[in-house]
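Given the sequences, and given the hints that come with them, work out the whole structure.
Protein chains: 2
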Amino acid sequence: MATPILSLDNMNQNLKGMEFPWPSLVVAAGNHLEKEQKMGKLFPFPNVIHSHAGDPQGMGQKPLTFFQQVMSLCINPSLLDDENFPPDAKQRARIFLANCKGHSLGAYTASPGIDVVRKQVAKYIEKRDSKYCDYENIFLSNGATDGVRAVMNLVNHSTTGKLPGVMIPIPQYPLFSALVQEYGMYQIDYFLDEENDWAIDVKELRRAVRESRKHCDPRMLVVINPGNPSGFVLSKKDIKDIIRFAYEESLFILADEVYQFNVYEDGLHFYSFKKILIEMGPPYNELELASFMSASKGFMGECGSRGGFCEIINLDPGVKKMFWKYISSHLCSSTIGQAMTYCITNPPHPNEPSYDKFMKEKTAILQSLKERANYVTKTFNSIKGLECKKVVGAMYAFPRIFIPQKVIEKAKKLGIEPDELYGLELLETVGVCIIPGNQFGQRPGTYHFRMTFLPQIEDVKIILQRISKFQKIFMEKYQ
Amino acid sequence: MATPILSLDNMNQNLKGMEFPWPSLVVAAGNHLEKEQKMGKLFPFPNVIHSHAGDPQGMGQKPLTFFQQVMSLCINPSLLDDENFPPDAKQRARIFLANCKGHSLGAYTASPGIDVVRKQVAKYIEKRDSKYCDYENIFLSNGATDGVRAVMNLVNHSTTGKLPGVMIPIPQYPLFSALVQEYGMYQIDYFLDEENDWAIDVKELRRAVRESRKHCDPRMLVVINPGNPSGFVLSKKDIKDIIRFAYEESLFILADEVYQFNVYEDGLHFYSFKKILIEMGPPYNELELASFMSASKGFMGECGSRGGFCEIINLDPGVKKMFWKYISSHLCSSTIGQAMTYCITNPPHPNEPSYDKFMKEKTAILQSLKERANYVTKTFNSIKGLECKKVVGAMYAFPRIFIPQKVIEKAKKLGIEPDELYGLELLETVGVCIIPGNQFGQRPGTYHFRMTFLPQIEDVKIILQRISKFQKIFMEKYQ
Numbered sequence: 000m001a002t003p004i005l006s007l008d009n010m011n012q013n014l015k016g017m018e019f020p021w022p023s024l025v026v027a028a029g030n031h032l033e034k035e036q037k038m039g040k041l042f043p044f045p046n047v048i049h050s051h052a053g054d055p056q057g058m059g060q061k062p063l064t065f066f067q068q069v070m071s072l073c074i075n076p077s078l079l080d081d082e083n084f085p086p087d088a089k090q091r092a093r094i095f096l097a098n099c100k101g102h103s104l105g106a107y108t109a110s111p112g113i114d115v116v117r118k119q120v121a122k123y124i125e126k127r128d129s130k131y132c133d134y135e136n137i138f139l140s141n142g143a144t145d146g147v148r149a150v151m152n153l154v155n156h157s158t159t160g161k162l163p164g165v166m167i168p169i170p171q172y173p174l175f176s177a178l179v180q181e182y183g184m185y186q187i188d189y190f191l192d193e194e195n196d197w198a199i200d201v202k203e204l205r206r207a208v209r210e211s212r213k214h215c216d217p218r219m220l221v222v223i224n225p226g227n228p229s230g231f232v233l234s235k236k237d238i239k240d241i242i243r244f245a246y247e248e249s250l251f252i253l254a255d256e257v258y259q260f261n262v263y264e265d266g267l268h269f270y271s272f273k274k275i276l277i278e279m280g281p282p283y284n285e286l287e288l289a290s291f292m293s294a295s296k297g298f299m300g301e302c303g304s305r306g307g308f309c310e311i312i313n314l315d316p317g318v319k320k321m322f323w324k325y326i327s328s329h330l331c332s333s334t335i336g337q338a339m340t341y342c343i344t345n346p347p348h349p350n351e352p353s354y355d356k357f358m359k360e361k362t363a364i365l366q367s368l369k370e371r372a373n374y375v376t377k378t379f380n381s382i383k384g385l386e387c388k389k390v391v392g393a394m395y396a397f398p399r400i401f402i403p404q405k406v407i408e409k410a411k412k413l414g415i416e417p418d419e420l421y422g423l424e425l426l427e428t429v430g431v432c433i434i435p436g437n438q439f440g441q442r443p444g445t446y447h448f449r450m451t452f453l454p455q456i457e458d459v460k461i462i463l464q465r466i467s468k469f470q471k472i473f474m475e476k477y478q
Numbered sequence: 000m001a002t003p004i005l006s007l008d009n010m011n012q013n014l015k016g017m018e019f020p021w022p023s024l025v026v027a028a029g030n031h032l033e034k035e036q037k038m039g040k041l042f043p044f045p046n047v048i049h050s051h052a053g054d055p056q057g058m059g060q061k062p063l064t065f066f067q068q069v070m071s072l073c074i075n076p077s078l079l080d081d082e083n084f085p086p087d088a089k090q091r092a093r094i095f096l097a098n099c100k101g102h103s104l105g106a107y108t109a110s111p112g113i114d115v116v117r118k119q120v121a122k123y124i125e126k127r128d129s130k131y132c133d134y135e136n137i138f139l140s141n142g143a144t145d146g147v148r149a150v151m152n153l154v155n156h157s158t159t160g161k162l163p164g165v166m167i168p169i170p171q172y173p174l175f176s177a178l179v180q181e182y183g184m185y186q187i188d189y190f191l192d193e194e195n196d197w198a199i200d201v202k203e204l205r206r207a208v209r210e211s212r213k214h215c216d217p218r219m220l221v222v223i224n225p226g227n228p229s230g231f232v233l234s235k236k237d238i239k240d241i242i243r244f245a246y247e248e249s250l251f252i253l254a255d256e257v258y259q260f261n262v263y264e265d266g267l268h269f270y271s272f273k274k275i276l277i278e279m280g281p282p283y284n285e286l287e288l289a290s291f292m293s294a295s296k297g298f299m300g301e302c303g304s305r306g307g308f309c310e311i312i313n314l315d316p317g318v319k320k321m322f323w324k325y326i327s328s329h330l331c332s333s334t335i336g337q338a339m340t341y342c343i344t345n346p347p348h349p350n351e352p353s354y355d356k357f358m359k360e361k362t363a364i365l366q367s368l369k370e371r372a373n374y375v376t377k378t379f380n381s382i383k384g385l386e387c388k389k390v391v392g393a394m395y396a397f398p399r400i401f402i403p404q405k406v407i408e409k410a411k412k413l414g415i416e417p418d419e420l421y422g423l424e425l426l427e428t429v430g431v432c433i434i435p436g437n438q439f440g441q442r443p444g445t446y447h448f449r450m451t452f453l454p455q456i457e458d459v460k461i462i463l464q465r466i467s468k469f470q471k472i473f474m475e476k477y478q
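In order, the protein sequences belong to chains Y and L. Numbering that gives the first Met the number 0 puts the first residue of the first sequence at 0, with every later residue one more than the last. Numbering that gives the first Met the number 0 puts the first residue of the second sequence at 0, with every later residue one more than the last.
These are computed hints drawn from the structure, not numbers from a lab. Watch out, some of these pointers could steer you wrong.
Derived, one-sided and incomplete: chain Y residues facing chain L with beta-carbon distance under 7 Å [what the hints assert, rightly or not]: (1) 3; (2) 59; (3) 74; (4) 159; (5) 161; (6) 324; (7) 475.
SDA-like mimics (lysine to any residue), calculated; alpha carbons at most 25 Å apart, straight line [to be verified]: (8) L:89 to Y:118; (9) L:15 to L:27; (10) L:34 to Y:321; (11) L:468 to L:15; (12) Y:118 to L:34.
From the three backbone atoms N, C-alpha and C, an ideal C-beta is built for every residue, glycine too.
This is the structure in C-alpha cells:
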C-alpha cells in the first residue's frame, strides 16, 4: 500500500477528539448485538430495545395525519384534486407552493428560508411570547443542528490571544461539546445542580466563568431549556438571573429551546429567553440572543424532515449582513423541512375541518409523554442503586447510578469509563441500550445514564422491568 | 444602544471575507428590482428574467412524475392503497419505508445514510464505471454542498506551519473559495485554458502548485467535471494527467461531478475520476479521492430535496473512523433527499410500468438542455463584443465580455468591478439577471458572466434577444 496522503497525524486535528453518542461504545455494541440476534445468535432476552436516541418516530410514534397530508400535497400537487384530502391541508399546501420558485418543492429557496414560512414562524413566536417578532430575524435551518453550527461559528473568535470560551451546562446535549471541539474553542463547564433537580445556579455560572479566564476568552453561554438530558424546566426567575449574568459577563446567549412543547408538570410553563429578555427592559433587552427550535422534538417528532429555525435578535447590522452572506454558502435548508415548519407553526384552527383530529393526536402524544415521564421517575426511584430527579420536561431521564468500587476498578483495567461498563453489561444482560452519562458530562465521581422515554408505554414498562432485573444482578455481582 | 457583544471586529474573521453569488450586488439588485416592478414601478422591460442560479425547477422545469409519486408515497404511506399510483413507484416506496426506523420518513437515519440507499448508490456507481464500489465508502449528504464541507474540513490541516492549500480552478463554483475562506485555508488558483475551450492544462497545475509553496502547504486539488461555470468536459487523457499530477504532489482529489448526467456533445462521455484512477492501476489506484454527486442537477433538478452523496475511496482506516464520528454530529441528511437519491439511482427499468413515461420525461429534459446549450453558444458568438466557448456540459455559459476602457474607469470610480457594472447595466436596461465573472474568478484583465440556460427555451431566446439589444446600447454608450 502507498502511504496515504491523509493520516491521523495530518488530518484536521480538531475532528480527532470529537465525540458523539451515536458511534460510541455502547450504542455501537447495541447495533452490533441486534444484527447478531437477527442472524440467529441467542441472547438471554427476546430483543434489543433502543432507548438512547431522541427519535420519536424511530421509536414508534405515528406521524400526525395533518402534517403527512400537507407534505404529500406539497410534494405531489396532482393530489390537490383528490377529494380524500381536507381543504385546510390543501390550503396550507397551496400557500406554500405559491411561495416556492417554480411553484415546486424541487427549487432552491432563499438561503434564510421562504419568506412566508419566516413570517409564520414570527407569528408563532409572537403568540408564544406576547412580544413582537421581526421575521427578518428568523432563519430556517436543517434541524436545530445546522442553526447551532452556524451561530457558534459566527461568534468563534477571540481578540485576547486566548481561545474563545463557550459555557456549556454539565450534563449537556453533546452537539455543543462536539462543536467546541470542531471549532477549536474552549469548553467552560458549568455544573447543573443535581441536588436541586438539575437547576442552573448563578453562583456556579460565576465560579465557572471566573476560573475559565485563565484559559480562555469567554464569549458564549449555552442554555438548554427544557433540559436535555436533565429534564429540568427553568422558571422566569431562573431565566432573569441567567440573563443578568450574561449581561455582566458580555456573553452571547445560545438558547436551545427545542423542547418548548415538552413540559409535563401542571403549573409549569415554558418561557423563552427572548420573552424574558424583552420584559426585563434596558439594558438587558439589547443583549444578543439566538434561540433554536426544531421540527424533530415536541409532539411532532419529525426528525427526518430536518426542519428547524433560529431567531437571532439584537445582532449588530454589520454582523448580520456577514452572517446572511455566510449562510448563503449553504444554499438553503430542505424544502420539506420548511414546509413542515410552516405547518407546525400554523396548525389547524378551531374552525377548520382537521382541527379535532389534529388536537386529538397532538394531545394523546403529549399526554402519553407526560405519563411516561412520571412513570419513569417513579420507577427509577423504586430501584435500589438508582436515583432519578423528577422529569418535568424534554424526553429523557438521567438517573444517577451508584456504582460499586469493584466496577470502577474493573472499568479502569478495561480502559473504559465505569458508566460505559454499566451500559455494556446492561445491554448484554437484558438487551436495553442507553447512553452512559459521560457522553453528556457529569460531576467527577458521579455516574448516570440517559434513557429516553420515547418508546411506547408498553415498551417503557418492559425497559424498566429489565433495568430493575439487571440492577439486582449487577449489585449482587459486584458488591 | 448598548455596545453589541458581537461586532465586526470580534466576530469570526474568516466569515467576513466570504463571498457567494446569491447575496452579491447584481443578484440582490435583480431581486430588488423585481419587487419594485411588482409594486408598480415602471421599467423599460416587461419582467426581470433570472438566469443566474443553477436551479432547474425554480426556472420552470417540471419535476419527473415518477419521483413525485415515490416521494408522496414515502411521506404519506396511506397512499399505498391508492390505485392511481403505479406498482413500481409503490415498490420503491415500500422498500425505502421498510428500511426507515419506525417505517417512517420522520425518523432519523444512520449518519452516513440508510444502508439500502448507500447500496443502491454503490450499484449505480458500479454500472456507471464498470468498477467495484463498496457501499461503505458512500455517505449521503444534504446536497453535494454538505459533503464538500465535510471532506474539505477533514483535510484542513498542515504540519509545516504554513496554511493548508487548496487548488481551485479559475473560473470555479464559488462554494470552494467560500469554504477556503471559512476554514482559513489558502486558495491556490489554477487557470483553466479559455483559448482551449476551458481545458485543464497540467503545466498550469504545476506552475500554480510550485508558486504556492512559498505561501502554503498544498493538500487538496479541486476539479469540477463537467465544468461549472466553464461547460467543459474532461477526456480520459485529461483525467489521467490530472491524477498523475495529484499523485506526484500528494494531493487529496475532490472531484465535483454533480453534472455527470449533463453532457451534450455526441461522442463525448463523462468519465468519473474514480473509474480512471482504478483503471490506471498502482500506484495511482491507491490515491485518496472524494467524488460528489447531487440530486439538484442532472435531469432531475431536485434542489429542494437536498439529496446528495459522496464516494470517498482509499481513506486510511483510522481517518475513516474519525470522519464517521465527525459526520455523526450532523445527525443525518434529510430523509426525502435520501429517498430521492434512492430513486435517482434506481429509476424505472424497461420492464416496469413507469419506464416509458419516465424515459420520455428524462430524454425531453436532456434533449432540450442540449439544444439550449448549442443555441446559447451560437447566439453569443453572433453578438459583437461577446465570445463564448462551446458549451458541452453542465448548465451554464460563461461568455467573455470585451469591456471598453471607459467602463473600466467608471467602475473604478464607483468602487465596483467592471463586470459588476456590466451586470448592473444589463439588469437595469433589459431586465436580465446574470452573475458577473469575478464571482467565479477569471484571468486578470478578462471579463465574463455566467448565464444558466435553465430557463425554458422561449425564455432563453428572449434573454439572448435582450442581451443582444443591450450589447449594442452598451457599446455605443461607452465606445
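Legend entry - Interface hint outcome for residue 74 of chain Y [beta carbon to chain L under 7 Å]: At 5 Å from the nearest chain L Cβ, residue 74 of chain Y passes the 7 Å test, so the hint holds.
Legend entry - Given hint residue 27 of chain L paired with residue 15 of chain L - CA-CA distance at most 25 Å: 18 Å, holds
Inset, instruction - Have a go at the residue 59 of chain Y hint: is there a Cβ in chain L nearer than 7 Å to its own Cβ? - result: Result: holds, 6 Å to nearest chain L Cβ.
Legend entry - Restraint check, 7 Å cut-off on beta carbons, for residue 3 of chain Y near chain L: It holds, given that the least Cβ distance between residue 3 of chain Y and chain L is near 4 Å, below 7 Å.
Legend entry - Per-residue hint verdict: residue 475 of chain Y, partner chain L, C-beta under 7 Å: Violated: closest Cβ of chain L sits about 35 Å from residue 475 of chain Y, beyond 7 Å.
Legend entry - Proposed proximity, residue 118 of chain Y with residue 89 of chain L (alpha carbon, max 25 Å): 36 Å, violated
Inset, instruction - Take the C-alpha atoms of residue 118 of chain Y and residue 34 of chain L, compute the straight-line distance between them, and say whether it is at most 25 Å. - result: 17 Å, holds
Inset, instruction - Mind checking the alpha carbons of residue 468 of chain L and residue 15 of chain L for me, to see if they're no more than 25 Å apart? - result: 38 Å, violated
Inset, instruction - With chain L as the partner, please determine if residue 159 of chain Y meets the hint condition of a C-beta pair closer than 7 Å. - result: 10 Å, violated
Inset, instruction - Have a go at the residue 324 of chain Y hint: is there a Cβ in chain L nearer than 7 Å to its own Cβ? - result: 5 Å, holds
Inset, instruction - With a cut-off of 25 Å on the C-alpha distance, tell me whether residue 34 of chain L and residue 321 of chain Y pass. - result: 23 Å, holds
Inset, instruction - Would you settle whether the hint for residue 161 of chain Y is holds or violated, based on the nearest Cβ-Cβ distance to chain L being less than 7 Å? - result: Residue 161 of chain Y check fails; min Cβ-Cβ to chain L is 13 Å, beyond 7 Å.
The earlier numbered hints that this structure contradicts are 4, 5, 7, 8 and 11.
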